[in-house]
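For the record, the sequence lines run as chains A and B. Quick note: the first sequence uses the working numbering, first residue 17, plus one each step. Quick note: the second sequence uses the working numbering, first residue 1075, plus one each step.
Hints listed in this document are in silico derivations from the structure and should not be mistaken for laboratory results. Don't take each hint at face value.
To be verified - Some chain B residues close to chain A (C-beta under 7 Å, calculated; not the full set): (1) G1197; (2) N1201; (3) V1205; (4) N1207; (5) N1236; (6) P1238; (7) E1239; (8) T1248; (9) T1252; (10) W1253; (11) R1284; (12) C1285; (13) G1290.
Said to hold, decoys possible - Residues on chain B that point at chain A, a partial pick, calculated with CB under 10 Å: (14) G1221; (15) A1250; (16) G1256; (17) G1271; (18) P1274; (19) T1286; (20) P1289; (21) E1337.
What the hints assert, rightly or not - Away from chain B, derived, C-beta distances all over 10 Å, residues of chain A: (22) G83; (23) P90; (24) A97; (25) K125; (26) T141; (27) G142; (28) S268; (29) N291; (30) P313; (31) A352; (32) D370; (33) D379; (34) M394; (35) D422.
Beta carbons: idealized from backbone N, C-alpha and C, even for Gly.
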Amino acid sequence: MKRRLSTALGLGALLVGCEPDVGSQLDAAPSDAAASADADTQDGAAEGDSATSDAGQDGYAWELPQGFPLPNVPADNPMTADKVELGRHLFYDKRLSGNGTQACASCHKQELAFTDGRATGLGSTGEAHTRGSMSLANVAYTATLTWANNLVRELERQAQVPMFGEEPVELGLAGMEDELLQRLRAEPRYEELFPAAFPADSDPFSVLNITRAIASFQRTLLSGDSPFDRHSHGDDSGFSDGAKRGELLFNSERFECFHCHGGFALADSVNHSGNRTEELFHNTALYNIDLEGGYPPSNTGLYELTGNRNDMGRFKAPTLRNIALTAPYMHDGSIASLSEVLDHYAAGGRTITDGPYAGRGFDNPFKSEFLHGANPPMTEPERQDLIAFLESLTDQGFITNPKFADPWAAK
Amino acid sequence: MVHRTLCNAGVLALGLALAACEDDTESLLDASDGDAGNDAAPEPRAIELSFEGRVGSAVFDCTQTYDQIGTSKVRVSFSDFRLYVYDVRLIDEADQEIPLALTQDGEFQYEDVALLDFEDRTGSCANGTAVTNTLVKGTLPAGSFKGLRFGVGVPSALNHTNPPETPAPLNLMTMAWTWQAGRLFTRLDARVETDSGNRPPFLIHLGSDRCTGNPGAGQPVSCARPNRAEVELASFDPERDKIVLDYAQLVAGVALDDDQGGESGCMASESDPECQSIFGRLGVDPVSGSRGADAQVVFSVEPK
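Turn these sequences into a full structure, and let the hints steer you where they fit.
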């Protein structure tokens, strides 16, 4: 009894944040906190289909690409332009690593659609991650975050993983909360940015507000103006005949790409206003160690969280937007080029002939039903057409948009 | 008594929650003070439980090294030595469990959770905090007590809260298990030396795993493997005795310089060979993560 009551009061009040009417917020807090995500989803149903740019939520002027629905935003962290601007500064600020060598942007570079070009990430202390840095394009819509995690689904909390995580060390801030805040307080620009972003807070410098601002900036990283998008809206000027043929192959039951990489997000596990979120993870037959479906022990996918054998090797289907910019591919960067990725999928699995990870992925008992292999096999012209289609997903405006760029670079 | 306890917890939670806001804090606190002043209830008894971190016979110290640890008799020093305990109960003469209402101190105790922090950021303890805490403080009805029980960990209702939104001591990011959306119940991090040089650090990070739910939406999270230890000390006098936590006992069944798989040390995984022994010595079944067949052997009672 005691625990329940004080939990509801303490956490509820903190979650809701501090706005004028303290008394009524406390009363409403438990139900608000519990219902926020669902409420967002259901209340927004009517708006979902007709969303266009500048459709407002909490008064925020989204710059939504044509055809994109409104993102869901946590009720306790509504979007504001000031928060986004603070978040952009923090995203590019190397003071957010323990040793001052890395920022979020070190592994999420705009010119590479917010990836880093490496097979797997490299942390601030030189420790290698087991997985590659994911693109942040349209991350506002991803139902689950990172490659395979069914628990951390808000950008605000996900930001804690690179900041404070130690398995592996990424930004390396564990045990340095106070020093981090001291560093930020000492920056003249933040003297204005933090209070502007969090005007209700008597002291806006906090780990919580850092994560909220970064999440707000990340939600603005919208990519939806590629030649493929313009083609979808009737403008084929940048969409080659090869890309058109590739699009048909992409959407065919022979190649099956669209099942996991369809829709506006070009990913299957999306969360936005008006939809019923599906959380999907897939085994794509990259490995089959010991013929029992095993994946390398450091990279078992959703199995790492659930311990359910059926989850072995299951990862999220990442967005294909800007995919030509984000090599190397797969969760562990183990395929160098799009051409080889196509070989893998067209074959219905990868065979590794020797070494500790040897095995015939095609026979992985946990693999997705769509990894059946193309029949008849992919031809060389088909490969070229599919590559042309994948290259049409590159959004030049996204990777050059000054609103997403490093605010510290200019001065 | 129950009423008073409830009010105290509520007032402190409110006070913390409202600290960042400006208005009306005073009146809320005043109203609750009035309740607490109800003198019809018997005076509670204040209790302080003393804990001592130990490595074998030596008291834990960030500046010391300890020899002959684990099955391979290695030398260790420490980079961290912290753990959460919760649900502290004293056993009265009638074998009844009487919950200790923890003092809500805004630093080491929140609701029914306390952080035991033996490291002081000196010596090899690089990432900790200068302050330490070896006491669990609270109140319970006057009476005579003969034993003690408590859990090691953070209870489910608090475990998945967002650390920067939760009062101390649950806001320590170093004790957060970020990608599991939970807390590290223990952070017992050893540096390992052998005659042939330094070995990888041996880290004991226990926490609940195999969890499902959506903590961000405030929905309940449930974990198939809770991985919380239950400690029972049948003969314990809070006035005369202290509770000893012996790291050497915890790792007595493992070779710290010869990790057999998984993470170096034990990060709660059921497939980690070192967790088999470490869980067992905490009285936790290494597969289910629930209470095991044998009692824990890591905590014991000694005269103060």
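Each hint, compared with the structure:
Violation of the interface hint for B/G1197 is found here, the shortest Cβ-Cβ separation to chain A being roughly 15 Å, above the 7 Å cut-off. Nearest Cβ of chain A to the Cβ of B/N1201: about 3 Å, under the 7 Å cut. The hint holds. With its C-beta approaching chain A no nearer than about 12 Å, B/V1205 sits outside the 7 Å limit, and its interface hint is violated. With its C-beta approaching chain A no nearer than about 16 Å, B/N1207 sits outside the 7 Å limit, and its interface hint is violated.
Given hint, B/N1236 at the interface with chain A, holds; its Cβ is 6 Å from that chain's nearest Cβ, closer than 7 Å. With a least beta-carbon distance of about 4 Å to chain A, the hint placing B/P1238 at the interface is held under the 7 Å criterion. Proximity of B/E1239 to chain A holds as hinted, the smallest CB-CB distance being about 5 Å (cut-off 7 Å). At a threshold of 7 Å, the smallest CB-CB gap from B/T1248 to chain A is about 5 Å, leaving the interface hint in force.
Interface restraint check: B/T1252 against chain A, minimum CB-CB distance 4 Å, threshold 7 Å, status holds. This hint holds: B/W1253 has a C-beta 5 Å from the nearest C-beta of chain A, less than the 7 Å allowed. Restraint check, B/R1284 versus chain A: the minimum CB separation of about 5 Å is within 7 Å; hint holds. The interface hint given for B/C1285 holds, since its Cβ lies 6 Å from the closest Cβ of chain A, which is under the 7 Å cut-off.
Using the Cβ-Cβ criterion of 7 Å, the hint placing B/G1290 at the interface with chain A is satisfied: the shortest such distance is roughly 4 Å. For B/G1221, the interface hint is violated, since its Cβ never comes within 10 Å of a Cβ in chain A; the closest pair sits about 22 Å apart. The restraint placing B/A1250 at the interface with chain A holds, with a minimum CB-CB distance near 6 Å, inside the 10 Å limit. At its closest, the beta carbon of B/G1256 sits 8 Å from a beta carbon of chain A; the interface hint therefore holds under the 10 Å criterion.
With a least beta-carbon distance of about 20 Å to chain A, the hint placing B/G1271 at the interface is violated under the 10 Å criterion. At its closest, the beta carbon of B/P1274 sits 12 Å from a beta carbon of chain A; the interface hint therefore is violated under the 10 Å criterion. For B/T1286, the suggested interface contact is upheld, since its CB lies about 7 Å from the closest CB of chain A, less than 10 Å. Proximity of B/P1289 to chain A holds as hinted, the smallest CB-CB distance being about 7 Å (cut-off 10 Å).
For the restraint placing B/E1337 at the interface with chain A, the shortest Cβ-Cβ distance is roughly 7 Å, inside the 10 Å limit, so the hint holds. In this structure A/G83 is separated from chain B by more than 10 Å, as the shortest Cβ-Cβ distance comes to about 27 Å. At roughly 7 Å from the closest C-beta of chain B, the C-beta of A/P90 falls inside 10 Å, breaking its exclusion from the interface. Even its closest Cβ contact with chain B, about 22 Å, leaves A/A97 beyond 10 Å, as expected for a residue assigned away from the interface.
For A/K125, the condition that its CB be more than 10 Å from all CB atoms of chain B holds, with the nearest at approximately 23 Å. The Cβ of A/T141 sits about 12 Å from the closest Cβ of chain B, beyond the 10 Å cut-off, so the non-interface label holds. Annotated as non-interface, A/G142 keeps its C-beta farther than 10 Å from every C-beta of chain B; the closest such distance is 15 Å. For A/S268, the requirement that its beta carbon stay farther than 10 Å from each beta carbon of chain B is met, with the minimum near 35 Å.
Listed as a non-interface residue, A/N291 keeps its Cβ farther than 10 Å from every Cβ of chain B; the least gap is roughly 15 Å. A cut-off of 10 Å between C-beta atoms contradicts the statement that A/P313 is not in contact with chain B; the least separation is 8 Å. Every Cβ of chain B is farther than 10 Å from the Cβ of A/A352; the closest lies at roughly 28 Å, confirming the non-interface assignment. At roughly 22 Å, the least C-beta separation between A/D370 and chain B is larger than 10 Å, which holds for a residue marked as non-interface.
Listed as a non-interface residue, A/D379 keeps its Cβ farther than 10 Å from every Cβ of chain B; the least gap is roughly 23 Å. Against the 10 Å criterion, A/M394 stays outside the reach of chain B, whose nearest CB is about 37 Å from its own CB. Its beta-carbon lying about 26 Å from the closest one in chain B, A/D422 satisfies the requirement of being farther than 10 Å from that chain.
Of the hints listed earlier, those the structure fails to meet are numbers 1, 3, 4, 14, 17, 18, 23 and 30, in rising order.
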